[in-house]
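Trainee: Take the given structure of chain A and dock chain B to it, following the hints.
Now for the letters of each chain:
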Amino acid sequence: MASRKLNKSIKQHPELFSDEKKTASEKILDELEAAKALTSISDFTEIPKALEEHLEEISPEEKLTVQQQIDELLDRYYNGDRNVDKSKRYVHREEYKRDLIRTLKQYGIKYIEKHHYPLSMDEKHVIRMDFYGTINRPHPTRLSRLYKNYCRPYPAAVNMERTNKKTKQADDETSPVNNNITYPFKSYDLSTSPVWNNLFRLFPRFQKLENTMLKTVQSMHISPDDLKKLTVYDFSDILFRTYRKNEDDLDAHLFLGARQAFVKDVFKKHENWIRAYLQRQNIHPRYIDELIKTAQSKGITGNITISSDINAYMCQFASERSVEFQKYITESIRSDNYAEEIRAQIQNDSYIIQGPTLHFLQENQTSFEKFIKQDLMEDKYINTILSQFERQTPPYVLKDVKEFLKNNRVLFHDFLQNHTHADKIENYIFKKLPDKINPKYLHIINDFINDHQNEFFIAMLENSRSSEYANFALNTLSPTPILNDYAKDMLTSFILNDEKNFSRTISPEILEDIKENGLSDDFLTDISPYIQKNKNNIKLFFKANNAFTFDELQNELIESTTLGIQTNGVTEEDDKINKHFILSNTELFKNWYSRFHTEKYKNKATFDYNQIATKGISGKNEELCITFLKERLNNFIEFSAQHNVSATQIVMALKQKKIHHNQELSEIAHNFIIAYGSTFKNFLLQQQLQQKEKEVEIKLQSLKTTRTTIQDRSLMHKFILDNQSLYMQCLGQNKPLNNQTQQIYSRLIHNKSTSEDKELLKAYLSNNIYNYLLFQQDDAQLQPHVKMIADNVKKRQIDPTANHWLKVFTQEHAEEFSEFLNKRNIFPKDQENELLANINFNGNKIICKFNDGYSFDIRLTVHHKHAIKDTGDKKMSMENIAAINNFENLCIFTDFWHKIMHSMDCMEPVEDKERYVSRLMLEDSNTIFYGGETPEDQLKYDYLNDPRSLRNENRLKMLVAERYGYQND
Amino acid sequence: MTNIIHKLQNIIKTTSTITSTNIIFMQQFLKQHNYALLPDEFVEFLHYFNGISYNGSVIYGIYTNENLQDISNTNTSIIHPLHKDLVFLGHNDFDYLAYNQKHQIYQIIDKADFEVLEEYQDLSPALQHILKIDYE
Chain A
1 MASRKLNKSI
11 KQHPELFSDE
21 KKTASEKILD
31 ELEAAKALTS
41 ISDFTEIPKA
51 LEEHLEEISP
61 EEKLTVQQQI
71 DELLDRYYNG
81 DRNVDKSKRY
91 VHREEYKRDL
101 IRTLKQYGIK
111 YIEKHHYPLS
121 MDEKHVIRMD
131 FYGTINRPHP
141 TRLSRLYKNY
151 CRPYPAAVNM
161 ERTNKKTKQA
171 DDETSPVNNN
181 ITYPFKSYDL
191 STSPVWNNLF
201 RLFPRFQKLE
211 NTMLKTVQSM
221 HISPDDLKKL
231 TVYDFSDILF
241 RTYRKNEDDL
251 DAHLFLGARQ
261 AFVKDVFKKH
271 ENWIRAYLQR
281 QNIHPRYIDE
291 LIKTAQSKGI
301 TGNITISSDI
311 NAYMCQFASE
321 RSVEFQKYIT
331 ESIRSDNYAE
341 EIRAQIQNDS
351 YIIQGPTLHF
361 LQENQTSFEK
371 FIKQDLMEDK
381 YINTILSQFE
391 RQTPPYVLKD
401 VKEFLKNNRV
411 LFHDFLQNHT
421 HADKIENYIF
431 KKLPDKINPK
441 YLHIINDFIN
451 DHQNEFFIAM
461 LENSRSSEYA
471 NFALNTLSPT
481 PILNDYAKDM
491 LTSFILNDEK
501 NFSRTISPEI
511 LEDIKENGLS
521 DDFLTDISPY
531 IQKNKNNIKL
541 FFKANNAFTF
551 DELQNELIES
561 TTLGIQTNGV
571 TEEDDKINKH
581 FILSNTELFK
591 NWYSRFHTEK
601 YKNKATFDYN
611 QIATKGISGK
621 NEELCITFLK
631 ERLNNFIEFS
641 AQHNVSATQI
651 VMALKQKKIH
661 HNQELSEIAH
671 NFIIAYGSTF
681 KNFLLQQQLQ
691 QKEKEVEIKL
701 QSLKTTRTTI
711 QDRSLMHKFI
721 LDNQSLYMQC
731 LGQNKPLNNQ
741 TQQIYSRLIH
751 NKSTSEDKEL
761 LKAYLSNNIY
771 NYLLFQQDDA
781 QLQPHVKMIA
791 DNVKKRQIDP
801 TANHWLKVFT
811 QEHAEEFSEF
821 LNKRNIFPKD
831 QENELLANIN
841 FNGNKIICKF
851 NDGYSFDIRL
861 TVHHKHAIKD
871 TGDKKMSMEN
881 IAAINNFENL
891 CIFTDFWHKI
901 MHSMDCMEPV
911 EDKERYVSRL
921 MLEDSNTIFY
931 GGETPEDQLK
941 YDYLNDPRSL
951 RNENRLKMLV
961 AERYGYQND
Chain B
1 MTNIIHKLQN
11 IIKTTSTITS
21 TNIIFMQQFL
31 KQHNYALLPD
41 EFVEFLHYFN
51 GISYNGSVIY
61 GIYTNENLQD
71 ISNTNTSIIH
81 PLHKDLVFLG
91 HNDFDYLAYN
101 QKHQIYQIID
111 KADFEVLEEY
121 QDLSPALQHI
131 LKIDYE
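Sequence order for the protein chains is A and B. Take the first sequence: its position 116, counted from the start at 1, is 116 in this note's numbering, and no numbers get skipped. Take the second sequence: its position 18, counted from the start at 1, is 18 in this note's numbering, and no numbers get skipped.
Don't read these hints as lab results, they were simulated from the structure. Don't be surprised by glycine CBs; every beta carbon is placed ideally from N, CA and C. Careful: at least some of the hints might be erroneous.
[Said to hold, decoys possible] Taking lysine-lysine and the DSS-like style, the derived pairs with C-alpha atoms no more than 25 Å apart in a straight line are:
1. A/Lys86 with B/Lys132
2. A/Lys97 with B/Lys31
3. A/Lys630 with A/Lys604
4. A/Lys406 with A/Lys440
5. A/Lys86 with B/Lys84
6. B/Lys84 with A/Lys105
7. A/Lys370 with A/Lys539
[Claimed, not checked] Short derived list, chain B residues pointing at chain A, Cβ under 8 Å:
8. Pro81
9. Leu82
10. His103
If we strip away everything but chain A, and leave its shape as in the complex, we get (with noise of 0.2 Å):
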């Protein structure tokens, strides 16, 4: 048995070996991973051309035999010479020591056999939490008694070691006392309490938590008295409870701890000097980009997550399955569950339209148009009913009435003498005319009208030279819904649908008529505010119970339309329509529109022919006359030649356009006139019926680009009311709708579509899941389809189809695309089972997460080069505890290197502290980044003299001066 080395006195203290385990599970959080992947040689591109022929000279077997020594001396040191009997085994220990520490010396760590500082559990403890920026959920055994009357116990953890009652007891004992006095957050000092002032206050990580941390002392009720007895682990406790986010949890994070943020640091100031040392050592690109990436934005290297667009990967891996990859999809489309498959696509809200999808719809597109059209029409034919129940008299209505009350004012006046108040309604009705106008008085304007209504008729008949137009214009100042039998009916299933809401709102002998003689018109503006309350409800009972076909949808719609044209008048709704019939009809439109103002100007015309007969031509009329004249020069020369008048004379007075100067002239041309009276009245007419075919021009252009206006709907309802047939024809065409289902089947085609689109294509292919799902089973259709997406798939050309079946494929053969994957060597070979795992389909894309923490071969962590308040070097000033976690002391390691420089770590017990007795240091102590024994591997860079830690040295300086009074050794 080898001689026990320790001296007796640390087996004195045993807690101290058994705390250093339970806080042992801190140490691991420092364990920082890397990859090893492959990389080629060639990839060296950044080494500098010295460094890459030295390099060349280092071969892989001669550095593996550098660490392959080392270990084996570190066996030998600890294990003994197994080469020897077992008794001699350990006698040469000392040798074997010596042999190691002069092999590490060549590699730049030297060993140190000193008493160090000695640390108390309480002083490792803050700088741990300082170090890593979390803090562990406090064992309640650690925590004093007077905190424990503070704090609620944490959920029931079963401890081994607390298995005696008398143990149970004493946790029963310090259950939370009542207390709950909330004291003022100004009675809190945190320099009265010895533990945070000394020993956190240190931490400028501390130092910040304060006020935060305050308020939850403040809320445990904690006495400003207690606080200053508080232990560090209270403290700890305390800390734990303000940062934790659930009951639960067992750490917290506090803040960015000195790990984190040096790694930071060296990564952000040497990132290509680390970028050419991870290629260096085989790392692959990819891992090294998201080490950096990381290292540099959270400060960790372990949990590396490689999230990764593996398309490629997945195109190669089906096409070199190609037959295995199109048979699947041949199968799966084949499959008895493809349909359950589909119809579970279609209703999901994240469906995506496939490449089958699209090539049914071309297939299908005058089906699927017509499908859209007759869901656009159902819409537009039920919303043609209720409008019916929420009638309007239009704007432009109002203003020929306006224009009617103005012309027979006195009458209107007189009738008005009923009502009291009269002259303030008759102001209010001038003054709001032709614009919404209170129901109550347009009824007053109503009744006044009806008393009236052969008036009112013959005046919008010479206004709009329309009967129909004045029967409109009439029926809309006391509308009444207007139904036919189909909406009616319809009607009545749903109110009897609907009994029970609708003998809420309207009389129960209402409902019995309609029970028994289905609704007739007598009710239809009793249950109007019904209807009205509850149109959602009646579109949704239409279209799901509408028996009607296509066209006879088509033609209903046509009636209620013209229906609608009759009785409301045209609305913005029917702008689009209505625009389209006038400009497909712009021939029609001009003729009508000079028609419609020949009644107008035929007036004007005999006007003006009686002025000129009994006033003689004037300079007003000159120039209209001289016009009538030229165009009939001939006859005019001839009729003149008779009062012995000059052919010359006359042709030189009509260019000189001076014919009311020369009386004599002016009076044959007054005769000529008078003798052709109807045809100089007929001119007149035309006259001014040219300026109107100018005029409509430039209407119908403006219909074309411009808004309409109250005229223009006004001028669309009498052209339409005139041509009503030519009207119902265009609504069959219905171009309009047409063109709008053209856009919807277009934008679906072309991937651009909206959601509602997407909704029309599901109810659709809903509506037609059998066809849908017989025309990706037929041969002639499923063969070229597959063989297209495995083409595509081959040309790395990714639709949303192929898209579709490479995830399912992929999934389907997770295994052996992970085998793929791995003999690629795109991932480290002992991925293989946690690959597996961590594939995650994620969308349109699949994405390889590695964040096992084990697998791969390199490992960073992070260590302190020199121990507390190590004295050794003249270099490494530290001022107090806290020093030991600034970047100056820190070096990142590799994981073998960083076990090599714990390999003769001794430490022993002073009192309640424990210190380092031996150590191994670096040689160089601004080396930051030890990657190998050679130097080249080696980062040094000097911290001592970084602004960062001058700026952190005086502050620590000041501190310690001011609060902790520490002194120096």
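Mentor: Chain B only, in chain A's frame:
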């Protein structure tokens, strides 16, 4: 092995509820972490005693409770330069009990400086040493 199990059964009145699945998971865990695997003899022992806490000494078991001294969490907490060859199985006040896979031997290792204090070919004497049964 049988003797010490009988001896322990007289002293410690607990029964192991460990399953093969627990052991497989633990072996997988050790493999993933690059530690040595549990030796067959110790696996057999686990079927009788899934962890022991006796006389200030502890033999690790396989637990789901985070507060118990589980093989996985104790092994991750011990940083030994040759850990890839070792799996730690228990401890007392001063020493660890570990199995050295490389040399196929049970070792009593000093907690302070990882010096090997004693080596045993079999588990029984190693357990006796760490549990201090002979000292009573």
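Trainee: Out of the numbered hints, which ones does the structure contradict?
Mentor: Hint 2 contradicted; others consistent.
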